[in-house]
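Participant: The primary structure of each chain is shown beneath.
There are 2 protein chains.
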Amino acid sequence: MRDRGHYDAATIHAILDEAIVAHVGFIDADRPVVIPMLFGRDGDRLFLHGARKGRITSTADGAAVCITVTLVDGIVVARSMFDASMNYRSVVIHGIAREIEVDADRLHALRCISDHVLPGRWDEVRAPLDKELKGTSVLEVTIDAASAKVRQGPSNDDRMPGDDDVWAGVVPIRTIMDAPIPDPDVPADLPVPRSLRRLTGFE
Amino acid sequence: MRDRGHYDAATIHAILDEAIVAHVGFIDADRPVVIPMLFGRDGDRLFLHGARKGRITSTADGAAVCITVTLVDGIVVARSMFDASMNYRSVVIHGIAREIEVDADRLHALRCISDHVLPGRWDEVRAPLDKELKGTSVLEVTIDAASAKVRQGPSNDDRMPGDDDVWAGVVPIRTIMDAPIPDPDVPADLPVPRSLRRLTGFE
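In order, the protein sequences belong to chains A and B. Read in order, the letters of the first sequence correspond to residues 34 to 236 in our numbering. Read in order, the letters of the second sequence correspond to residues 34 to 236 in our numbering.
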């Protein structure tokens with residue numbers, strides 16, 4: 034159970050949904066490029082967005098991309114450096130990116146990206162303006178292959194004489210959200226919106 | 034100051050040193066591949082390691098790689114979806130990976146990787162065995178180009194009528210370490226090692 038691949042959709046979707054950013058790889062002028070990006074998911078489709086005519090949205094349209102997300106869960110401290118490791122959950126997705134042309138589909142994809150970062154926020158703010166939509170490229174990635182890798186638990190030491198006196202264990206790592214900080218010019222009586230209260234637990 | 038590139042070495046090194054994992058991109062059979070990896074740094078050289086004849090260490094030897102690290106600092110909640118964003122610090126490095134052949138150099142690189150994850154641990158445990166070294170490939174990446182991007186602060190809203198009643202601000206995000214958990218068979222009187230006490234603040 035400590036070090037194995039998982040390929041079921043439920044595992045893959047859960048890891049994707051918990052991650053805040055993805056690292057998106059594409060090929061530009063024969064070299065690999067990896068960029069952190071926000072993303073959205075609807076079933077087995079992933080969505081990315083960026084400025085129209087930006088580097089990634091221009092280069093990746095019609096091209097192979099690799100979308101990787103990683104959740105770091107802990108440092109595995111072993112009785113030797115060789116057995117030291119990380120606890121993590123990661124997903125690697127290969128697919129072809131294609132720019133979405135139809136406005137209704139673009140809006141749906143943008144909503145999925147918004148819902149991924151801050152569920153419910155889409156309905157609390159105004160709809161995108163035409164000029165905003167026109168300035169945004171939205172890519173859909175259909176998944177050709179997806180795999181998850183999960184490592185959890187203590188070190189898998191190959192014990193040597195003397196190792197019984199060496200500490201081993203795990204340092205748990207978590208990503209947490211602190212209380213929302215309003216902009217200075219937000220009226221003092223304006224409550225923290227429902228979407229943020231649900232996401233962070235803070236009022 | 035909210036959205037700008039930084040290219041000085043001190044900024045780039047500080048972001049690299051704070052990150053736990055890197056996302057390493059390379060090209061395999063004409064497709065981009067992005068894998069999360071531990072890494073080490075010595076000045077302007079980065080080090081990666083993996084199983085000998087593993088996919089990445091075999092494919093990347095002599096090839097162009099892109100090493101990206103990202104620290105997520107917050108969700109930027111804006112008055113519209115278009116102005117929503119993330120606060121983050123990221124570094125993108127392009128270079129050529131080459132397998133290190135000389136054992137002394139391999140040991141130095143492995144120590145740098147170890148020191149990156151858990152400073153001081155290298156000296157608390159036994160040296161790698163010959164068979165362990167033989168089973169490990171170590172790559173050195175000499176940096177051809179490096180850039181950092183840092184976004185901090187509140188949203189940069191293009192205010193519209195009615196927006197004064199919409200909450201805006203930042204949800205701070207942090208990565209934290211919890212108290213180390215010893216393996217079940219670590220003697221109860223064995224203290225948490227110095228390296229872990231320094232890293233985590235827990236006794």
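For the record, the hints were derived by calculation from the structure and aren't laboratory data. Check the hints yourself; a few may be wrong.
Which copy? The list can't say, so a pair holds if one copy fits it or any two copies do.
[Said to hold, decoys possible] With a straight-line cut-off of 25 Å between C-alpha atoms, the simulated SDA-like cross-links for lysine to any residue are:
#	residue 1	residue 2
1	K167	S188
2	K86	E132
3	K167	P226
4	K182	M70
Participant: Could you run down the list of hints and mark each one as holding or not?
Facilitator: Hint by hint, here is what the structure shows:
For the identical chains of this complex, K167 and S188 are inter-copy neighbours only, at 21 Å across copies versus 51 Å inside a copy, given an alpha-carbon limit of 25 Å. For the identical chains of this complex, K86 and E132 are intra-copy neighbours only, at 11 Å inside a copy versus 37 Å across copies, given an alpha-carbon limit of 25 Å. For the identical chains of this complex, K167 and P226 are neighbours neither inside a copy (28 Å) nor across copies (57 Å), given an alpha-carbon limit of 25 Å. Proximity of K182 to M70 under the C-alpha cut-off of 25 Å is found in both arrangements, the shortest distances being 21 Å within a copy and 13 Å between copies.
Comparing the model with each numbered hint stated earlier shows that hint 3 is the single one that does not hold.
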